[in-house]
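K.L.:
Okay, here's what each chain looks like letter by letter:
2 protein chains.
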Amino acid sequence: MRRTRFDTWPCSIARTVDLAGDWWTPLVMREAFYGARRFDEFQQRLGLSRNVLAQRLDRLVEEDMLKRVPYQDRPVRHEYRLTEKGRDFFTVLAAMIRWGDRWLAGPAGPPVELRDRATGLPVDIAVVDAKTGRPIDIREIVATPGPGLPQELARTLRKTTAPGSSQGDSTRCE
Amino acid sequence: MRRTRFDTWPCSIARTVDLAGDWWTPLVMREAFYGARRFDEFQQRLGLSRNVLAQRLDRLVEEDMLKRVPYQDRPVRHEYRLTEKGRDFFTVLAAMIRWGDRWLAGPAGPPVELRDRATGLPVDIAVVDAKTGRPIDIREIVATPGPGLPQELARTLRKTTAPGSSQGDSTRCE
Numbered sequence: 001m002r003r004t005r006f007d008t009w010p011c012s013i014a015r016t017v018d019l020a021g022d023w024w025t026p027l028v029m030r031e032a033f034y035g036a037r038r039f040d041e042f043q044q045r046l047g048l049s050r051n052v053l054a055q056r057l058d059r060l061v062e063e064d065m066l067k068r069v070p071y072q073d074r075p076v077r078h079e080y081r082l083t084e085k086g087r088d089f090f091t092v093l094a095a096m097i098r099w100g101d102r103w104l105a106g107p108a109g110p111p112v113e114l115r116d117r118a119t120g121l122p123v124d125i126a127v128v129d130a131k132t133g134r135p136i137d138i139r140e141i142v143a144t145p146g147p148g149l150p151q152e153l154a155r156t157l158r159k160t161t162a163p164g165s166s167q168g169d170s171t172r173c174e
Numbered sequence: 175m176r177r178t179r180f181d182t183w184p185c186s187i188a189r190t191v192d193l194a195g196d197w198w199t200p201l202v203m204r205e206a207f208y209g210a211r212r213f214d215e216f217q218q219r220l221g222l223s224r225n226v227l228a229q230r231l232d233r234l235v236e237e238d239m240l241k242r243v244p245y246q247d248r249p250v251r252h253e254y255r256l257t258e259k260g261r262d263f264f265t266v267l268a269a270m271i272r273w274g275d276r277w278l279a280g281p282a283g284p285p286v287e288l289r290d291r292a293t294g295l296p297v298d299i300a301v302v303d304a305k306t307g308r309p310i311d312i313r314e315i316v317a318t319p320g321p322g323l324p325q326e327l328a329r330t331l332r333k334t335t336a337p338g339s340s341q342g343d344s345t346r347c348e
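Order-wise, the sequence lines are chains A and B.
Counting along the first sequence from 1, when you hit position 64 you're at 64 in my numbering, and nothing is skipped either side.
Counting along the second sequence from 1, when you hit position 111 you're at 285 in my numbering, and nothing is skipped either side.
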């Protein structure tokens, strides 16, 4: 049974969840980020069934996150390489790593440390407003309709009270 | 049938996916960020079944992302408010918004624009290394074992070739 589809919703969260929430998908991408290219590498590292892996890889190629590139002629064999879109998805995983390290790692501490390849120094992931450099804090943000929000939804957007102490207008990502 | 559990894996991505990949969960959190507090608000905004919503809210309370707070005595009625852990989860959704706006929004453009509550200026989400202020780029990062990685996994970590043009050591988040 196909679950509810979120990819057609006018919401970047819903669309990303539709792709990333495909359970194994972010973990397949993780392995690609950490250097996996060949089917068997993904399969051995993740220990998932070949059938499920093949489906996930097909979806990621279809979505232009990975591209299939032949690395051998006879017989033809392919490997999976990150596209620019796929590489940029690491920012989403980085935000997950930051949050997971902070709130889910427990007393054992973070399982993995990211380091700058050139300097070897630990990377301190932050999600910020590039304009001000300040960390993103929902209490300081309101969401307003963007150009991609269908008129009929923009019209029905209700004003809500934002979380936190201050009152303000905020509209929802429909 | 319960899907594969990722919450016990020593990986902050897997743990966050286990929580966030619960399909509706990030969207319930989105509504909380945009001001929803009461069961009916969540239900009307998302249009999901009361049964599924109740499960998701229970999970989020159990995970300390939301807390149940009584707002009425007779009969007792509760609303759901963000905890600090829950509020911080907006950084993960912000990274999704950034990536989704960039790669999935299409010609219509972003459905929603985030603005600074105080200045009204658009927020330009970026995932950066707080130390240097530079955008996170997987080609410049290696993953090394952290304190929370079980010994037996750290021992078997294989060195892999990182994606991108430069060669280097990178180990995987097991």
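FYI, nobody ran anything at the bench for these hints, they're computed from the structure.
Treat the hints loosely; a few may be bogus.
So these bits of chain A aren't anywhere near chain B, every CB distance computed over 12 Å [as the list claims (entries may be wrong)]:
{"#": "1", "residue": "25"}
{"#": "2", "residue": "39"}
{"#": "3", "residue": "68"}
{"#": "4", "residue": "72"}
{"#": "5", "residue": "74"}
{"#": "6", "residue": "101"}
{"#": "7", "residue": "109"}
{"#": "8", "residue": "115"}
{"#": "9", "residue": "135"}
With the C-beta cut set under 7 Å, the calculated list includes, among others, these residues of chain B facing chain A [stated by the list, open to error]:
{"#": "10", "residue": "243"}
{"#": "11", "residue": "247"}
{"#": "12", "residue": "266"}
{"#": "13", "residue": "268"}
{"#": "14", "residue": "289"}
{"#": "15", "residue": "305"}
Residues from chain A that face chain B, not an exhaustive set, calculated with beta carbons under 10 Å [unchecked claim]:
{"#": "16", "residue": "17"}
{"#": "17", "residue": "40"}
{"#": "18", "residue": "59"}
{"#": "19", "residue": "62"}
{"#": "20", "residue": "103"}
A virtual CB, placed ideally from N, CA and C, is assigned to each residue, including glycine.
K.L.:
Work down the list of hints and note, for each, if the structure agrees.
P.N.:
Structure-based check of each hint:
| no. | hint | result |
| --- | --- | --- |
| 1 | 25 | 9 Å, violated |
| 2 | 39 | 15 Å, holds |
| 3 | 68 | 15 Å, holds |
| 4 | 72 | 17 Å, holds |
| 5 | 74 | 24 Å, holds |
| 6 | 101 | 5 Å, violated |
| 7 | 109 | 4 Å, violated |
| 8 | 115 | 5 Å, violated |
| 9 | 135 | 8 Å, violated |
| 10 | 243 | 12 Å, violated |
| 11 | 247 | 22 Å, violated |
| 12 | 266 | 5 Å, holds |
| 13 | 268 | 5 Å, holds |
| 14 | 289 | 5 Å, holds |
| 15 | 305 | 5 Å, holds |
| 16 | 17 | 5 Å, holds |
| 17 | 40 | 13 Å, violated |
| 18 | 59 | 14 Å, violated |
| 19 | 62 | 13 Å, violated |
| 20 | 103 | 5 Å, holds |
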